[in-house]
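The lines below spell out each chain.
Number of protein chains: 2
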Amino acid sequence: MIFLRYVVRSYSHNRSRKSGPLCIFRFNASVFHGKGMPWFGMDIGGTLTKCAYFETKSANPDLHHQETELIKIVKKYFKENPRKGVAGQADIRLQMDNVSIGGRTGSVHFIRFPTSLMDDFFAIAKKHQLGKFISALGATGGGAYKFEERFATELNIKFAKFDEMDTLLNGMRLVVKMNRPKEVYYWYNPHPDEQNCNPPQEKDHLSRKEYDLNDPYPFVLVNIGSGVSILAVYGPHNYKRISGSSLGGGTFLGLCCLLTGCTTFEEAIALAAKGDHRKVDKLVRDIYGGDYKKFGLPGDLVASSFGNMNLPDHRLNISKFDLARATLVTITNNIGNIALMWAVNLKISRVVFVGNFLRVNPISAKLLGHAMSFWSRGTLEALFLEHEVRCLLLHLLKHYIIGSS
Amino acid sequence: MIFLRYVVRSYSHNRSRKSGPLCIFRFNASVFHGKGMPWFGMDIGGTLTKCAYFETKSANPDLHHQETELIKIVKKYFKENPRKGVAGQADIRLQMDNVSIGGRTGSVHFIRFPTSLMDDFFAIAKKHQLGKFISALGATGGGAYKFEERFATELNIKFAKFDEMDTLLNGMRLVVKMNRPKEVYYWYNPHPDEQNCNPPQEKDHLSRKEYDLNDPYPFVLVNIGSGVSILAVYGPHNYKRISGSSLGGGTFLGLCCLLTGCTTFEEAIALAAKGDHRKVDKLVRDIYGGDYKKFGLPGDLVASSFGNMNLPDHRLNISKFDLARATLVTITNNIGNIALMWAVNLKISRVVFVGNFLRVNPISAKLLGHAMSFWSRGTLEALFLEHEVRCLLLHLLKHYIIGSS
Numbered sequence: 001m002i003f004l005r006y007v008v009r010s011y012s013h014n015r016s017r018k019s020g021p022l023c024i025f026r027f028n029a030s031v032f033h034g035k036g037m038p039w040f041g042m043d044i045g046g047t048l049t050k051c052a053y054f055e056t057k058s059a060n061p062d063l064h065h066q067e068t069e070l071i072k073i074v075k076k077y078f079k080e081n082p083r084k085g086v087a088g089q090a091d092i093r094l095q096m097d098n099v100s101i102g103g104r105t106g107s108v109h110f111i112r113f114p115t116s117l118m119d120d121f122f123a124i125a126k127k128h129q130l131g132k133f134i135s136a137l138g139a140t141g142g143g144a145y146k147f148e149e150r151f152a153t154e155l156n157i158k159f160a161k162f163d164e165m166d167t168l169l170n171g172m173r174l175v176v177k178m179n180r181p182k183e184v185y186y187w188y189n190p191h192p193d194e195q196n197c198n199p200p201q202e203k204d205h206l207s208r209k210e211y212d213l214n215d216p217y218p219f220v221l222v223n224i225g226s227g228v229s230i231l232a233v234y235g236p237h238n239y240k241r242i243s244g245s246s247l248g249g250g251t252f253l254g255l256c257c258l259l260t261g262c263t264t265f266e267e268a269i270a271l272a273a274k275g276d277h278r279k280v281d282k283l284v285r286d287i288y289g290g291d292y293k294k295f296g297l298p299g300d301l302v303a304s305s306f307g308n309m310n311l312p313d314h315r316l317n318i319s320k321f322d323l324a325r326a327t328l329v330t331i332t333n334n335i336g337n338i339a340l341m342w343a344v345n346l347k348i349s350r351v352v353f354v355g356n357f358l359r360v361n362p363i364s365a366k367l368l369g370h371a372m373s374f375w376s377r378g379t380l381e382a383l384f385l386e387h388e389v390r391c392l393l394l395h396l397l398k399h400y401i402i403g404s405s
Numbered sequence: 001m002i003f004l005r006y007v008v009r010s011y012s013h014n015r016s017r018k019s020g021p022l023c024i025f026r027f028n029a030s031v032f033h034g035k036g037m038p039w040f041g042m043d044i045g046g047t048l049t050k051c052a053y054f055e056t057k058s059a060n061p062d063l064h065h066q067e068t069e070l071i072k073i074v075k076k077y078f079k080e081n082p083r084k085g086v087a088g089q090a091d092i093r094l095q096m097d098n099v100s101i102g103g104r105t106g107s108v109h110f111i112r113f114p115t116s117l118m119d120d121f122f123a124i125a126k127k128h129q130l131g132k133f134i135s136a137l138g139a140t141g142g143g144a145y146k147f148e149e150r151f152a153t154e155l156n157i158k159f160a161k162f163d164e165m166d167t168l169l170n171g172m173r174l175v176v177k178m179n180r181p182k183e184v185y186y187w188y189n190p191h192p193d194e195q196n197c198n199p200p201q202e203k204d205h206l207s208r209k210e211y212d213l214n215d216p217y218p219f220v221l222v223n224i225g226s227g228v229s230i231l232a233v234y235g236p237h238n239y240k241r242i243s244g245s246s247l248g249g250g251t252f253l254g255l256c257c258l259l260t261g262c263t264t265f266e267e268a269i270a271l272a273a274k275g276d277h278r279k280v281d282k283l284v285r286d287i288y289g290g291d292y293k294k295f296g297l298p299g300d301l302v303a304s305s306f307g308n309m310n311l312p313d314h315r316l317n318i319s320k321f322d323l324a325r326a327t328l329v330t331i332t333n334n335i336g337n338i339a340l341m342w343a344v345n346l347k348i349s350r351v352v353f354v355g356n357f358l359r360v361n362p363i364s365a366k367l368l369g370h371a372m373s374f375w376s377r378g379t380l381e382a383l384f385l386e387h388e389v390r391c392l393l394l395h396l397l398k399h400y401i402i403g404s405s
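Chains as they are written, first to last, in my numbering: chain A, 1 to 405; chain B, 1 to 405.
The list makes no distinction among identical chains, and a pair is therefore deemed to hold if it is satisfied within one copy or across any two copies.
Quick list of in silico lysine-lysine cross-link-like pairs, DSBU-like style, CA-CA up to 35 Å:
(1) Lys126 - Lys146
(2) Lys274 - Lys320
(3) Lys146 - Lys161
(4) Lys293 - Lys146
(5) Lys274 - Lys293
(6) Lys126 - Lys279
(7) Lys127 - Lys161
(8) Lys126 - Lys293
(9) Lys294 - Lys177
(10) Lys294 - Lys126
(11) Lys347 - Lys294
(12) Lys320 - Lys279
(13) Lys347 - Lys240
(14) Lys274 - Lys182
(15) Lys279 - Lys146
(16) Lys347 - Lys293
(17) Lys294 - Lys182
(18) Lys294 - Lys132
(19) Lys279 - Lys158
In short, the hints are calculated from the structure, not lab data. Computed from a predicted structure; not experimentally measured.
Here chain A stands alone, though its shape is the one from the complex:
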């Protein structure tokens, strides 16, 4: 039974901390007491586990003590984690302060850690008896299925499981509403005549523009995590998974680790930022000597990703930066290609790209934006969200609290 009503107020990422608290959910206090604090949501993906929790000073001294203990454990986990480079970390940029939930004010924190370190998480959670403080948490992602039993038996924590795609779509609506019209943006090309050229190496001429997603339906949603899921979304509760690809963020990172010796996504992106994929790939002009005019394929277009790497002379002439860039361009273009096909075939003009692959990765976002516009001759719009990482977790918290009350 749902006792709650929730109110979403306009929220700007840069709003003054002096303004009143942001009220995401307002609800019956009994729910609050039933759940214990802090509320905890986990999206356990193939590569990354993303968490959100609400930290607040409770008016009730007992509750406050419990909450503080738990927060200590959570923080300790990230400090104790010994593996450099793959340790979990707080997404401080995403933190939402001065938020009011159920009449209390506090902060929503966002944390991520590699799912491969789940064993470490369990060890620390057991050591600090996490199950004493929270008995349940909202969970989604593949790991909500994979780890459910372990959380129950080893930590005595139950999962309130939520479907990943439902949660993502509802979370998108929540975040767009909170931050409209600033939340959604696209990459604008101020020189449309350059549309006639292949997406160039440097996309710095593109500028970011707000896009008011007032009436979003229908749109194609491309969720790029370890792999890729593509949905056709026709209404708030009307969508279907139309396609997917196993070539996603996990492929980019895995190949980069093998090819360059890097160890983290951030490192791989930083390498890619300094590289030139054209030394690695075979371009249309490498094969045709120029454009392939019959089919309108420009000379700068990649004809064969990594297509020069069978040649010893070319292999000697490349750096790890070039390899990382080529990997990023290969994966990004392939995703763009598949998304474009579906959008064209379904006659849907808006494609929204989300997922952790796009985090700290403006190269891919710009490439997708430019390529979608180029190949559709300007008829398709590639859209991105400012706070898309928050989407799923915020809704997960909300759904957890409301849906299971």
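Given chain A, work out where chain B should sit, using these hints.
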């Protein structure tokens, strides 16, 4: 003006050499004298240059001398080429003996060499004055544009250029007609209940079956060379390029060279044959702990290609065989995925796969065959050609002789 008529007779690869000669083209002798012998056709692709030439004993002693000289040069080229592993070589398996062309009997030879060695080809051709023996040749592929001027100025050989896709499609018709009904085949699954499982690692349970492509239209043609071109073919002269991908045979070979240290396509395929991609990729069950039932994704499905390679422990546990296999499976599945999408969206039930990527590569052919059937629930047919490498070159020879006479 065309003086010629040509006759295509049924031809079987294994037909007895004692049977009468195969007559591919019958034509006016004046054309023969105008062209010089042997007729030479080149398909200059991004990675490989494929050649066909007709070797025969001429009744005319002068002509015979010229032809013999040229054949010597051609053979010398392949012997002189010093680079081990990337040297050109005759496709002896494809050789067509006892063929009658214009009243003369001889053999059609097929040769390939890496396009990257074109400089070596020019050096030897100049040394042996190739231009003294032939003044023109039929050419297609991107290199027909890229190298046209060099052939003219350095070797005094003119190109009769033919569009690659026209030539390929006409060549397919020619070869299918010559060898019907044996030419076209598919991979048959004798255990259709296994359709419910993800395409397994080993596809040895699949058996090859003839497919009588009597009325071929419409079909989707997927041409996998260095990159991939996808055509929708509605009739003999009615087709359009609907899509493509830069992730093709060149990507497989390039990545394998980087990841395993191999140097040739054959070596890369041999490595892949011994590997297990499941050690490299992240599977649905690695993320979900089993199937992802909501979307009908089986646990064995690859969720993220190379998705385990960001983890040091996993990297220690793999071999170059596994890496080659994962690369092959990644590229093959991506091509199958894109081809499937187009076939489904265009409501075309037959997909014909051709291109040098499929040469000595039954793993990919079986994977494509099984995956197309699996994902379409048996409604799509993945078809292959027995002598598809011949298609384009045979038609190129034919078109060159007839079309420019």
